[in-house]
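Residue numbers (my numbering), protein chains in the order written: chain P, 1 to 317; chain E, 1 to 340; chain L, 1 to 504.
It should be emphasised that the hints constitute simulated quantities derived from the structure, not laboratory data. Values in this document were obtained by computation on a predicted structure and should not be read as measured data. There's no promise every hint is true.
What the hints assert, rightly or not - From chain E, some residues computed to sit far from chain P (all C-beta separations above 12 Å):
1) Leu15
2) Phe21
3) Tyr170
4) Arg245
Said to hold, decoys possible - Partial list, computed: chain P residues near chain E (C-beta under 10 Å):
5) Ile127
6) Val177
7) Ile298
To be verified - Negatives, chain P to chain E, calculated, CB over 12 Å:
8) Pro22
9) Pro97
10) Gly105
11) Thr112
12) Ile126
13) His149
14) Leu150
15) Ile165
16) Ser169
17) Leu176
18) Glu202
19) Glu251
20) Asn290
All C-beta atoms in this analysis are idealised placements derived from N, C-alpha and C, irrespective of residue type, glycine included.
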Amino acid sequence: MIARWNLKSSAKLSKLAPYALPLAIVFIVIMFSIAEPAFLKPENLIGIIHQMNLIGIMAVAMTFVIMTGGVDLSVGPVLAISGLTAFFAMDAGLGLPIAIAAALGVGILIGTINGTLVAIFGLPPIIVTLAMLSIVRGLALIWGGPEWHLIRDQDAFTFIGTGHIGGISFSIILLLVFAGAVMFVQKRTPIGLIVAGIGENERAAYLSGHRVRLTKIAIYGLSGMGAALAGIVQSSQVHTSAAVYGEFGTELDVIAAIVLGGTSLMGGNGSIGRTLIGVIFLGVINNGMNILNVTLDIQLITKGVIIVLAMALSELT
Amino acid sequence: MQRRPASIALLAFFLVTVGLFCLFAPNFATTSNFENLMSGFSFVAILAMGQSFPILLRGIDLSIGAMVALAGMVAFDLTMLFHVPGYLILPLVLIAATGAGAINGILIVYLRLQPFIATLATLAAYRGVVYAISGRLLIPKLATTPITDPWIVGIETYFDIGGALGISDYVHLPWFPLSFFLMIAIFITFQLLLLSTKLGRDIYTVGGNQEAARLAGINTRRITIFTYAISGFCAGVAALVLVARLTTSTEALGTGMELTAISAAVIGGVSLQGGIGSMFGPVIGAFLLGVVLIGLTLLGASQYVQQILTGAILLAAVCYDRYLVVQRQRRAAANVGANT
Amino acid sequence: MNEAHLIDAQGLGKTYGSLAVLIDANFTVSAGEIRALVGSNGAGKSTLIKILTGAIAPTTGTVKVDGKELVLGSPTEMINSGIACIYQHSNLAPAMTVLDNIFLGRQPTKRFGLLDRKRQRREAEELLQRHAIQIDLDALVSTLPTVKQKEVEILKALALNARILLMDEPTGWLAASDVAKLHATIRTLKSSGVAIVYISHMLDEIFAVCDTVTVMRDGRIISEGKVADITRPSLVKLMVGEKLAKDSAQAGKFKRMARGTGKVRLSANGLTKRGVFSDISFDLFAGEIFCITGLIGSKRTEFLHTLFGSDRFDSGELKVDGKVISFKSPTQAISNGMGFVTEDRHREGLMLGLSISNNLVMATLRKFHKFGLLKRKEIYSATGEMITDLNIQPPDPIKPVRLLSGGNQQKVLLGKWLNLKPKFLLLDEPTVGVDVGAKAEIYAILRAERDKGAAILVVSSDLEEVMTISDRIAVMVSGRLVAIHDADKTTLAEIIGEIGGAAR
Numbered sequence: 001m002i003a004r005w006n007l008k009s010s011a012k013l014s015k016l017a018p019y020a021l022p023l024a025i026v027f028i029v030i031m032f033s034i035a036e037p038a039f040l041k042p043e044n045l046i047g048i049i050h051q052m053n054l055i056g057i058m059a060v061a062m063t064f065v066i067m068t069g070g071v072d073l074s075v076g077p078v079l080a081i082s083g084l085t086a087f088f089a090m091d092a093g094l095g096l097p098i099a100i101a102a103a104l105g106v107g108i109l110i111g112t113i114n115g116t117l118v119a120i121f122g123l124p125p126i127i128v129t130l131a132m133l134s135i136v137r138g139l140a141l142i143w144g145g146p147e148w149h150l151i152r153d154q155d156a157f158t159f160i161g162t163g164h165i166g167g168i169s170f171s172i173i174l175l176l177v178f179a180g181a182v183m184f185v186q187k188r189t190p191i192g193l194i195v196a197g198i199g200e201n202e203r204a205a206y207l208s209g210h211r212v213r214l215t216k217i218a219i220y221g222l223s224g225m226g227a228a229l230a231g232i233v234q235s236s237q238v239h240t241s242a243a244v245y246g247e248f249g250t251e252l253d254v255i256a257a258i259v260l261g262g263t264s265l266m267g268g269n270g271s272i273g274r275t276l277i278g279v280i281f282l283g284v285i286n287n288g289m290n291i292l293n294v295t296l297d298i299q300l301i302t303k304g305v306i307i308v309l310a311m312a313l314s315e316l317t
Numbered sequence: 001m002q003r004r005p006a007s008i009a010l011l012a013f014f015l016v017t018v019g020l021f022c023l024f025a026p027n028f029a030t031t032s033n034f035e036n037l038m039s040g041f042s043f044v045a046i047l048a049m050g051q052s053f054p055i056l057l058r059g060i061d062l063s064i065g066a067m068v069a070l071a072g073m074v075a076f077d078l079t080m081l082f083h084v085p086g087y088l089i090l091p092l093v094l095i096a097a098t099g100a101g102a103i104n105g106i107l108i109v110y111l112r113l114q115p116f117i118a119t120l121a122t123l124a125a126y127r128g129v130v131y132a133i134s135g136r137l138l139i140p141k142l143a144t145t146p147i148t149d150p151w152i153v154g155i156e157t158y159f160d161i162g163g164a165l166g167i168s169d170y171v172h173l174p175w176f177p178l179s180f181f182l183m184i185a186i187f188i189t190f191q192l193l194l195l196s197t198k199l200g201r202d203i204y205t206v207g208g209n210q211e212a213a214r215l216a217g218i219n220t221r222r223i224t225i226f227t228y229a230i231s232g233f234c235a236g237v238a239a240l241v242l243v244a245r246l247t248t249s250t251e252a253l254g255t256g257m258e259l260t261a262i263s264a265a266v267i268g269g270v271s272l273q274g275g276i277g278s279m280f281g282p283v284i285g286a287f288l289l290g291v292v293l294i295g296l297t298l299l300g301a302s303q304y305v306q307q308i309l310t311g312a313i314l315l316a317a318v319c320y321d322r323y324l325v326v327q328r329q330r331r332a333a334a335n336v337g338a339n340t
Numbered sequence: 001m002n003e004a005h006l007i008d009a010q011g012l013g014k015t016y017g018s019l020a021v022l023i024d025a026n027f028t029v030s031a032g033e034i035r036a037l038v039g040s041n042g043a044g045k046s047t048l049i050k051i052l053t054g055a056i057a058p059t060t061g062t063v064k065v066d067g068k069e070l071v072l073g074s075p076t077e078m079i080n081s082g083i084a085c086i087y088q089h090s091n092l093a094p095a096m097t098v099l100d101n102i103f104l105g106r107q108p109t110k111r112f113g114l115l116d117r118k119r120q121r122r123e124a125e126e127l128l129q130r131h132a133i134q135i136d137l138d139a140l141v142s143t144l145p146t147v148k149q150k151e152v153e154i155l156k157a158l159a160l161n162a163r164i165l166l167m168d169e170p171t172g173w174l175a176a177s178d179v180a181k182l183h184a185t186i187r188t189l190k191s192s193g194v195a196i197v198y199i200s201h202m203l204d205e206i207f208a209v210c211d212t213v214t215v216m217r218d219g220r221i222i223s224e225g226k227v228a229d230i231t232r233p234s235l236v237k238l239m240v241g242e243k244l245a246k247d248s249a250q251a252g253k254f255k256r257m258a259r260g261t262g263k264v265r266l267s268a269n270g271l272t273k274r275g276v277f278s279d280i281s282f283d284l285f286a287g288e289i290f291c292i293t294g295l296i297g298s299k300r301t302e303f304l305h306t307l308f309g310s311d312r313f314d315s316g317e318l319k320v321d322g323k324v325i326s327f328k329s330p331t332q333a334i335s336n337g338m339g340f341v342t343e344d345r346h347r348e349g350l351m352l353g354l355s356i357s358n359n360l361v362m363a364t365l366r367k368f369h370k371f372g373l374l375k376r377k378e379i380y381s382a383t384g385e386m387i388t389d390l391n392i393q394p395p396d397p398i399k400p401v402r403l404l405s406g407g408n409q410q411k412v413l414l415g416k417w418l419n420l421k422p423k424f425l426l427l428d429e430p431t432v433g434v435d436v437g438a439k440a441e442i443y444a445i446l447r448a449e450r451d452k453g454a455a456i457l458v459v460s461s462d463l464e465e466v467m468t469i470s471d472r473i474a475v476m477v478s479g480r481l482v483a484i485h486d487a488d489k490t491t492l493a494e495i496i497g498e499i500g501g502a503a504r
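Kindly produce the complete structure, drawing on both the sequences and the hints.
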């Protein structure tokens, strides 16, 4: 019952809205598999999820931020600097738990700074996180230099990105567990309701006795943590860490996935589950275009067009 | 014009900064360094002026980097692939860039998208178009062939003003790049447009109070599209300057430039609340950014530190903007209070 | 009235479905006349004004200006024929100069769209001279005091060649000392031949500045005449009408509970916020409904916010249950059992996109979770009960509040605070935009809460409402409490007199 409460329905049309995206995915999958039967092979489908793993983690973590009408453009560099943190921690001989904690801590710290600037000082999220994007990238480059750092002899760390449990890769399990946890927070704790309330009407949330500023700081912290987690997974997958990872455009994919999942950039209702569907949608499109040998240029253009269409549809209905 | 004291404060701050670096940074107070400054930041000032227009309307244009690349690639293709004469290339490039900007405005007005998401989407899309039309990828040999068209390369010309005036024996003036004069020309044009035309007044009105503007019969949609087109136009000019300097263009041209341009505009007192600011601020803002970055490099800071500083300066500028807003609100409240 | 009417409206009527909000109104004003338009809320004033500004088209009737019949329902047509309206809220661009604001959107130009600064200034100066108004044309609007900003709005209208100025509560946001200044300006306008329609609740202002008065009630124009020929009591009687007088007498059938159980719950002593309100003192008892009435802009909303902790007072003492306290945040007020039904349910009260049920628990989430987990069954049963108790229609907990009628939205907002089982309930204009049926239901709910022992503080401008529900009535004028009455020992006429009369 309660799960249904978060459905958004403003007009008759929007009763269909929750199903539009899954239907679109099915439609596109059919189109791609007609064009290229190899698309439907199990290894390809698993590949889709692998490709979208990092975006998925970050999108899940950023959904709350978008729900409050904010945005976090700094996830790319945060991903890079957390990967570096993990590398340097292990390089210094610290254990895996400390390395991971340090990496996550860096992400949470940066997110918290973003959140503080937005919530306490009342600065616009776009500008704050854009500035942070530049600052963190600069810090990462000073720290790690422009070169790749090879992560050697760290079996436990490597397992995060490449290991399997019961035939399912650990990184996917990680994504699902993380998404499950955030979804649990959204559905089963007051936090989900408070976040939606802030996005709908910040003033009313404040007058209802909620700690609006604290909540905002926390959710930017969560977004930073998501980026850090993605950084750990990526470094583990490719056995390297580098300051240039999470290149410009990463944040666009993340935001696109969330927006495709139906969360309004103006704030308000949103759902982690639908963000995941948005991620899958983007993944299918990317993968399908790769399989069909669509070039990078068309892929970029398509992505821009999809975002514009998704946004325009949500604004017009 | 509405904040003359603030402009003077900014100029004073700029001069003090220059003075400090002249005293403490080695090789800062040299003619070649000022040549670097002018050639390296005139186009930033142009981009900042363009960016100011959307910001005046409480919007933002994140796509200018991609539009620079797009315009650059159009110039590259026209001269290298189609051997179009330069005097045609210049207007064509500007038309293409202005059109790209206008598309941003159209998306915002007619699809009712938020400016930042619309321009974030076109950032990706325009960059994609750049790859799609890239003559470099089509014929790899061209990537290493320099552009020679005199009209394009001619933009990278330096003028010995001191020599022309016959005063080079007394003062050692730097040579001025053509891009500096382009920047001045655009500055004068835009400043005139904002302060002395009805269109300029309308832009301030829409930015200051959109509802009042609508009730006053101003076509707010057309004004919005116009401001984004201006931003595109400036990206086109900046692209020409860059292509002339590099004698080629790349797919990655202009990456990250939106950050610098937004920083310069906000430093220059163009308020994110809309309706406040002039062209003077962004120009000073751009050169202030230039002086700080070049000065610190001369003091031995790495280019990564510059990146950090650009971000930090942007944060400081938006904090200051916010501070001014709060001050204005306080004053307005005090105004009401004083009457009771 | 006069021989040649500048504006001549005949037989205006407006119906929404079966509801007639304006009935057969004939309204004429002559050049150089200052006409007061008075009537209580819902009398049809705003409908008449909206027709004259072209915001809505009437169902029946015609409007002529200078004998020429106008196409109704078009704002441009109205502006072109010289009708302009000064609204309560500002329609200026604050960061621009007075000169630019006067010509907002239609600055005179030379070739190439270049501004004709000289002509603009010349025209503005002529305008100032013609109407004998003094103002610095180069000042930024944001730096001007409110009364000067009003003058800029007037000049903006005059620059459009307005000959008929509609002024909607023009002194609503002005301090008392500035009212006289604005009136001086209005008189100079009159002498330059402008017709003015002055809409106000402030009886003193009407007697100070207006020549003639039109009284509206229940959608009809019921009286018209010279201000000189009418006395204040008779004007009040016209405005209130027999019906309300009877209603408020009837309200006597409900038991008045002045000072409730006799136990002081909240005690304000000299509360002051500089420049907003000053020296407010009263006791609020358990089991009573205490109404603060007054005009828009009398700072009652601001006062409630300082009680609730969403704003601060500068000096004075607030005692809650005998303890001196000043709430630092709504969170603290709520944990002390205080609820606040805000005035603007869309901006400050509800999350329109969220469901009825989510809105109902929004202020009381702490009651509905255990170890950080939502107790969903309890939420479900509690909201279900609330929906039944308050008769919220449709009784569908997952319906987004956006889709509800105004009355039902208001009940949701009320229910959100009833979930708190409040010891104190602050309500700001609790029935604005609510239909009659829902109004009665809301009154019944408030009485029930009162009888359960809650201390209820209502801010309302709706005198009918004040007379109906209150146990005690306080009158607030320009940030001061000017009187406190037991509801059964006062009359509507006395209250109206205090609201309109004590302005200076």
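Closest CB of chain E to the CB of Glu202(P) still more than 12 Å away: At roughly 17 Å from the nearest Cβ of chain E, Glu202(P) sits farther out than 12 Å, so the non-interface label holds.
Check on His149(P) being off the interface with chain E, judged by Cβ distance over 12 Å: 16 Å, holds
Ile165(P) remote from chain E - nearest C-beta pair above 12 Å: 36 Å, holds
Assertion that Glu251(P) lies farther than 12 Å from chain E (Cβ): 8 Å, violated
Assertion that Leu150(P) lies farther than 12 Å from chain E (Cβ): The claim stands: Leu150(P) keeps its Cβ more than 12 Å from every Cβ of chain E (closest is about 21 Å).
Nearest-CB test (12 Å) between chain P and Phe21(E): 20 Å, holds
Hint validity - Val177(P) Cβ closer than 10 Å to any chain E Cβ: 30 Å, violated
Chain E contact restraint on Ile298(P) - CB to CB distance below 10 Å: 7 Å, holds
Claimed clearance of chain E by Pro22(P), with the beta carbon kept past 12 Å: 23 Å, holds
Distance rule for Thr112(P), whose beta carbon must clear each one in chain E by more than 12 Å: Label holds. Min Cβ-Cβ 15 Å, cutoff 12 Å.
Status of the stated non-contact between Pro97(P) and chain E (beta carbon gap over 12 Å): Answer for Pro97(P): holds, closest chain E Cβ roughly 30 Å.
Non-interface claim for Leu176(P), where every Cβ of chain E lies beyond 12 Å: About 28 Å separates Leu176(P) from the closest Cβ of chain E, which puts it past 12 Å; holds.
In summary, the numbered hints that this structure violates are 6, 12 and 19.
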